[in-house]
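K.L.:
Chain by chain, the residues:
Protein chains: 2
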Amino acid sequence: LLAKLTILDNLKETGKIGLEELSLKTGLLREQIMQTIQGLSKTYLINIDGDIVKWLPADNPSTIRPWGWNINHVVSIGSTQIAIRGMGLWSILVAEHQYSGRGRHGKGWISDLGGLWISYRLPVKPWVANVIPIALSIILIKIFEQIFGLKAGIKWPNDIVVNDKKIAGMIIEGEYVSDTMIVNIGVGINVNNEPPIPGTTSLKKIVGKLVPRNPILASLTGWISRLDKILIDREQLESMYRDHLVTLNRRVYVETLTEVFEAKAVDIDESGDLIVEKNGIKKKLNPLTTLRIRHLD
Amino acid sequence: LLAKLTILDNLKETGKIGLEELSLKTGLLREQIMQTIQGLSKTYLINIDGDIVKWLPADNPSTIRPWGWNINHVVSIGSTQIAIRGMGLWSILVAEHQYSGRGRHGKGWISDLGGLWISYRLPVKPWVANVIPIALSIILIKIFEQIFGLKAGIKWPNDIVVNDKKIAGMIIEGEYVSDTMIVNIGVGINVNNEPPIPGTTSLKKIVGKLVPRNPILASLTGWISRLDKILIDREQLESMYRDHLVTLNRRVYVETLTEVFEAKAVDIDESGDLIVEKNGIKKKLNPLTTLRIRHLD
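First to last, the protein sequences are chains A and B.
Sequential numbering of the first sequence, starting at 3, is according to this note's numbering.
Sequential numbering of the second sequence, starting at 3, is according to this note's numbering.
Keep in mind that the hints were calculated from the coordinates and are not lab data.
It is possible that some hints are incorrect.
Stated by the list, open to error - List of simulated lysine to any residue pairs, SDA-like, C-alpha gap at most 20 Å:
hint, chain 1, residue 1, chain 2, residue 2
1, B, LYS27, A, LEU124
2, B, LYS27, A, GLN37
3, B, LYS27, A, LYS56
4, B, LYS6, A, GLY110
5, B, LYS18, A, GLY88
6, B, LYS27, A, GLU175
7, A, LYS6, B, ASP11
8, A, LYS27, B, PRO198
9, A, LYS27, B, TYR101
10, B, LYS27, A, HIS75
11, A, LYS6, B, SER102
12, B, LYS168, B, ARG244
13, A, LYS6, B, ASP114
14, B, LYS109, A, LEU31
15, A, LYS27, B, VAL77
16, B, LYS109, A, GLU33
17, A, LYS109, B, SER273
18, A, LYS109, B, GLN34
19, B, LYS27, A, GLY90
20, B, LYS109, A, LYS109
21, B, LYS6, A, ILE112
22, B, LYS27, A, GLY88
23, B, LYS144, B, PRO217
24, A, LYS6, B, LYS6
25, A, LYS27, B, GLU175
26, A, LYS6, B, TYR101
27, B, LYS6, A, LEU3
28, A, LYS6, B, ILE112
29, B, LYS27, A, TRP92
30, B, LYS109, A, GLN37
31, A, LYS109, B, SER102
32, B, LYS27, A, LEU31
33, B, LYS6, A, GLU175
34, A, LYS27, B, LEU124
35, A, LYS109, B, VAL77
36, A, LYS27, B, VAL185
37, A, LYS6, B, GLY110
38, A, LYS27, B, GLU177
Predicted model, so just to flag it, every value in this text is computed and none were measured.
Using the sequences provided together with the hints, build the complete structure.
P.N.:
Set out below in structure tokens:
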């Protein structure tokens with residue numbers, strides 16, 4: 003892993019580097035470099051052309067400069083979602099690898115090479131903050147449809163799934179600074195990485211080959227730039243969210259802060275809570291207190 | 003390991019950094035930082051003073067500027083001995099960790115945190131090149147004696163041992179450039195790292211506490227700067243080498259390029275070859291063709 007990370011680090015700024023130079027910079031023999039590149043080429047659009055190692059610009063986040071954003075691309079970091087807290091408004095942090103990636107409820111988030119692990123930091127009006135998870139779910143579904151023609155769904159509350167397997171997730175955290183809210187939006191997309199655990203998938207696996215990541219990153223950033231506008235029509239968002247919610251009418255296994263049970267997901271209310279029914283008794287599940295949910299059928 | 007490496011990397015230039023800043027730079031939570039520092043403090047003179055993480059300057063190779071040398075201090079690299087090839091004459095490369103460290107005969111060299119893993123690049127007169135291993139063995143023994151009052155010995159050909167356990171090793175590689183020889187001298191010293199494998203030890207283990215590494219690095223660099231002068235009295239060097247050679251009169255297990263056997267080490271000749279005797283028959287062992295040797299008594 004360290005050899006791969008060092009090579010990516012030496013490659014990202016210029017997108018290409020000679021084998022000899024790479025050998026001297028990494029302190030690896032030419033054969034070791036070749037072997038490591040071969041490994042990298044399973045998760046990156048990186049190849050060796052003669053004596054030059056090349057990273058396809060469309061797969062290298064260091065090559066894009068989204069308008070109006072300060073973008074930072076690092077190879078390895080604890081968690082982009084922690085580090086983004088120290089950056090200015092309208093910052094993006096993309097990492098190739100997180101060694102301490104974070105998911106919801108303090109859970110870990112496996113962030114192997116080849117995925118897209120991104121955090122955004124931007125100000126929003128406080129009233130829109132709690133619609134962001136809904137909007138972002140729709141945005142990700144639209145991106146997968148537009149770029150790959152994929153039909154993705156939503157596993158309540160905000161996992162993006164394809165054929166019931168998780169392909170993307172998000173974590174939204176906010177801080178108030180006087181009367182604006184600063185949100186740190188973390189998005190993880192399994193692009194060219196191996197699906198990290200059972201029940202997950204990746205674009206590479208679905209499409210059957212490596213896909214360049216920058217079109218996804220650019221599109222996502224474009225949508226997030228226009229977040230305030232998207233959030234205006236809240237009713238339409240909620241109806242789209244409901245249309246894509248694959249959890250409805252399914253039997254689910256539920257872990258909350260206080261209990262564990264199985265039930266049937268029957269509805270969703272206007273605040274986004276999931277209504278489940280067990281033995282004729284209805285119960286509301288709130289995302290903040292629901293640690294885990296699994297589809298059973 | 004990645005968390006430790008990132009913290010060292012953020013700490014090395016200034017030698018101290020606030021916990022909050024470190025958290026934002028590494029993308030790790032404050033608790034994760036504290037925990038990682040606690041791990042680091044087992045192999046480094048690093049501690050937390052209030053909200054500031056501090057690395058004792060005498061243990062941080064980034065703080066020293068040996069006269070006449072270009073010194074580079076990196077946290078992690080494949081092998082300093084490969085990377086030094088791309089540097090100018092009179093360069094030093096110190097790494098906290100090598101993920102592809104090299105020993106003699108293409109063997110690996112475990113290079114954990116807390117040790118001293120150094121490569122030097124300098125020009126020498128061709129005739130002195132083959133005396134360097136002998137001189138460097140003496141130099142290391144003198145350093146261990148002067149700084150720690152330790153009596154170290156030499157396990158043929160160039161391992162430095164204390165109580166028959168390896169504490170330091172070297173690899174000498176050369177290139178001719180017209181009529182001078184450029185040598186890349188690699189030295190590995192188990193200082194505050196855990197002894198990597200059975201049969202090895204470290205200064206921390208012998209002394210019973212962490213020791214600052216810069217006095218060792220500075221002293222070693224001073225000796226290597228004067229290498230040409232040291233090498234003049236070759237006879238004295240050879241006699242000192244023989245005096246410290248703990249392999250003599252021991253039974254040894256030997257692996258050469260062509261055979262494996264046990265014998266008794268009886269002498270050393272003027273070229274540094276070890277003379278062993280088996281069933282009354284004497285045999286010369288050359289360092290270049292002897293892959294492995296082990297003391298049996």
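K.L.:
Checking each numbered hint in turn, tell me which of them this model violates, lowest number first.
P.N.:
2, 3, 8, 17, 20, 31, 32, 33, 35
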